[in-house]
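As given, the protein sequences belong to chains A and B, one line each in that order.
Residue numbers are given in the numbering used here: position 27 of the first sequence equals residue 27, and the series is strictly consecutive.
Take the position in the second sequence, starting the count at 1, then add 74; the result is the number in the numbering used here.
Hints were generated in silico from the structure; no laboratory data involved.
Be careful, since some hints might not be right.
Stated by the list, open to error - Once the Cα atoms are required to be at most 30 Å apart in a straight line, the calculated DSSO-like pairs of lysine-lysine come out as: (1) A:Lys55 <-> B:Lys319; (2) B:Lys320 <-> A:Lys14; (3) B:Lys168 <-> A:Lys54; (4) B:Lys204 <-> A:Lys55; (5) A:Lys54 <-> B:Lys98; (6) B:Lys174 <-> A:Lys55; (7) B:Lys347 <-> A:Lys14; (8) A:Lys14 <-> B:Lys346; (9) A:Lys14 <-> B:Lys204; (10) B:Lys338 <-> A:Lys54.
These numbers come from a predicted model, not from an experiment.
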Amino acid sequence: MKGSLLVTIASNVKQCLATMNGIEAQLASFALNSLDSEAQATFNQAMLTVGEVKKDLQYRVLELERHEPQYKGS
Amino acid sequence: MMPDWVFIIVRSIVFLVLLFITTKVLGKKQISELSFFEYVAGITIGSIAGEVVTGLEGNMFHGALALVVFGFVTFLVNFLAIKSKKFSDFAEGKSTVVIKDGKILEENLKKERYTIDELSALLRQKNIFKFADVEFAVLEPRGNLSALLKRENQPLTPKDLQMKMPNEKEPQTVIMDGNIVDESLRCAGKGRGWLYTELEKLDVTLDNVFLGQVDSYGELTVDLYDDKIQVPAPAQRPLLLATLKKIQADLEIFSLETDCEKSKAMYKRNAKKIQETIDVLSPYLNG
């Protein structure tokens, strides 16, 4: 019971991570394409913040996988 | 001896050229913003030209000389007016304050020979129907009225609401009539390759595009010759905002779902970070 919950959590976190990858790419593209320098800086800063959050989540995914190695890969 | 009509044609062409040069030299002020002096000079120059072109008995060169003199004097007055404030007040007139601190200044109004009715008419043209709404109003030398509304009657701006609005650069027209405008494309910091990719994303061909503009976020909007085809408006920015909000909500949920205190704190911290990012970005991502 507890195991299956962990699986869903791990896969949810992974999904979230994938979405954040998309966000990061989109922010990077806006940062490059914007003409206003202030907008560029804002998008860039947001991209870095998202990157930090992503790192935390990646670490969490590894942790979850270590706890329940049999559910790896979902 | 040449017939009269040949003279008229020759004179017309000569004076057209002369008038063209004179107006070029005198600058590109609109008729409505001519100063008193320019108004008089303009009328006189016009009638001199008309007179000389049709009045065959007169000497053409006398007319041309008069025209040049008028043009030159006007030019000189303009020049002096730029150099000296006193001279410009004299030659082009001064503005007169007619409403100050919400009160009509009757003396100044009388001095300018304006009646109350005329003043109200000028105010009405500015969509002001109650003089009590006006803090300050000035009759300009050109005869129009400039009015500053009281603070509470002024239209609401984002600044009043303490909203931060992103700076927008002017959009660049990169496609006109199915042709790429390379100069604007360069101004937008893009190349032809980028443009072709964007057009492909929108699923349209270049020769079907009547007008294409790039906004300050580098998004391309197009208008097609075929108005039946629906082109999606760029929605990447609102979409990004929505995705960010979703991530923020996800992180909050994760923090509720986990039992581990350390992870709970981590999720909470990151949810807050994303929320802060959303707050900073939303002026740029709305609309």
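Hints, verified against the model:
1. In summary, the hint linking Lys55 of chain A to Lys319 of chain B is supported, as the alpha carbons are separated by about 19 Å, within the 30 Å threshold.
2. Between the alpha carbons of Lys320 of chain B and Lys14 of chain A the distance comes to roughly 14 Å, so the proposed pair stays at or under 30 Å and holds.
3. For the hint pairing Lys168 of chain B with Lys54 of chain A, the CA-to-CA distance comes to about 65 Å; that exceeds 30 Å, so the pair is violated.
4. With a CA separation close to 62 Å, the supplied pair Lys204 of chain B and Lys55 of chain A exceeds the 30 Å bound.
5. A distance of roughly 63 Å separates the Cα atoms of Lys54 of chain A and Lys98 of chain B; the hinted pair therefore is violated under the 30 Å criterion.
6. Our distance criterion of 30 Å between C-alpha atoms is broken by Lys174 of chain B and Lys55 of chain A, whose separation comes to about 62 Å.
7. Pair hint Lys347 of chain B plus Lys14 of chain A holds up; C-alpha atoms about 19 Å apart against a cutoff of 30 Å.
8. Using a Cα cut-off of 30 Å, the hinted pair Lys14 of chain A and Lys346 of chain B holds, with the two alpha carbons roughly 19 Å apart.
9. A C-alpha spacing of about 64 Å is found between Lys14 of chain A and Lys204 of chain B, which places the hinted pair above 30 Å, so the restraint is violated.
10. A C-alpha spacing of about 16 Å is found between Lys338 of chain B and Lys54 of chain A, which places the hinted pair at or below 30 Å, so the restraint holds.
Violated hints, in rising order: 3, 4, 5, 6, 9; the structure is consistent with all others.
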